[in-house]
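Asks: Going by this note's numbering, the first sequence runs without a break in its numbering and finishes at 198.
Bear in mind the hints are in silico, worked out from the structure with no lab data behind them.
Beta carbons: idealized from backbone N, C-alpha and C, even for Gly.
Some clues are possibly wrong.
To be verified - Cβ-Cβ distance ranges computed for the label pairs, FRET-style:
1. Gly186 - Val14: 22 to 28 Å
2. Gly74 - Gly10: 32 to 38 Å
3. Ser72 - Pro165: 16 to 22 Å
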Amino acid sequence: MPSLRELLAGDPVVVAPLLLGKILSVGGTSGRIAEVEAYRGGEDPASHAFRGRSKRNATMFGPPGHLYVYFSYGMHYCCNVVCQPEGVAGAVLVRALAPLAGLEEMSRRRLRAKSERDLCSGPGKLCQALGIDHSFDGLDLLSGSGPVRLSGDGSVRAAAIGSGPRIGLAPGLATAGEPWRFFLVGDPNVSRRASPDG
DNA sequence: ACCGGGATGTTCT
DNA sequence: GAACATCCCGGTG
Numbered sequence: 001m002p003s004l005r006e007l008l009a010g011d012p013v014v015v016a017p018l019l020l021g022k023i024l025s026v027g028g029t030s031g032r033i034a035e036v037e038a039y040r041g042g043e044d045p046a047s048h049a050f051r052g053r054s055k056r057n058a059t060m061f062g063p064p065g066h067l068y069v070y071f072s073y074g075m076h077y078c079c080n081v082v083c084q085p086e087g088v089a090g091a092v093l094v095r096a097l098a099p100l101a102g103l104e105e106m107s108r109r110r111l112r113a114k115s116e117r118d119l120c121s122g123p124g125k126l127c128q129a130l131g132i133d134h135s136f137d138g139l140d141l142l143s144g145s146g147p148v149r150l151s152g153d154g155s156v157r158a159a160a161i162g163s164g165p166r167i168g169l170a171p172g173l174a175t176a177g178e179p180w181r182f183f184l185v186g187d188p189n190v191s192r193r194a195s196p197d198g
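From just these sequences and the hints, can you work out the full model?
Replies: Structure, rendered in structure tokens:
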């Protein structure tokens with residue numbers, strides 16, 4: 001059995017569905033990963049790493065199993081699990097969680113949320129709910145002692161996983177139509193507009 | 001339910 | 001200056 005970190009050293013498109021069902025936790029808050037998107041580095045024009053290393057994307061080129069956090073649209077943070085061996089860029093964006101623990105704390109951070117479904121049903125929302133900001137960029141998810149952790153054994157049944165094109169990309173990008181978004185079928189936290197069944 | 005636009009700042013051309 | 005891996009609110013059907 002390969003370790004989780006060994007699995008994460010692979011192609012993000014392969015790793016992404018393996019992350020479904022795993023648990024992301026920060027302090028007393030945690031959620032089960034319900035929706036992800038794969039971003040290939042050099043060969044994917046939608047990836048932040050497509051044009052090479054920069055100050056923002058440096059973590060994507062680092063070792064697998066670390067957290068890549070970026071600031072989006074001047075207002076929100078989004079977080080990724082870094083894939084591929086050190087030196088090769090790749091990441092999986094975490095788009096939605098099913099809240100598991102610390103729901104009161106999440107609600108305090110997300111005053112706009114009108115229901116449990118509003119807590120973590122989006123990449124910006126879940127970072128706000130868990131309190132993830134730029135200071136989390138580069139942290140090891142698998143050290144077992146850090147403030148942010150990725151855990152969980154086993155995998156989700158293939159039949160329970162849906163896939164489709166990634167959300168929010170410019171239509172002209174060569175990889176915009178690739179089905180590199182993966183989600184738990186029927187989970188209410190998954191982006192509704194892009195998956196009528198979910 | 002669906003759609004359109006504003007907020008807001010970092011990155012790159 | 002434009003683009004952007006988003007979210008929220010207020011319009012309309």
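Asks: Against this structure, judge whether each hint is valid.
Replies: Here is how each hint holds up against the structure:
1. In this structure the hint that Gly186 and Val14 lie 22 to 28 Å apart at CB holds, the actual value being about 23 Å.
2. A hinted range of 32 to 38 Å for the beta carbons of Gly74 and Gly10 is consistent with their spacing of about 33 Å.
3. Between Ser72 and Pro165 the CB atoms are about 19 Å apart, so this pair conforms to the stated range of 16 to 22 Å.
The structure meets every hint from the earlier list without exception.
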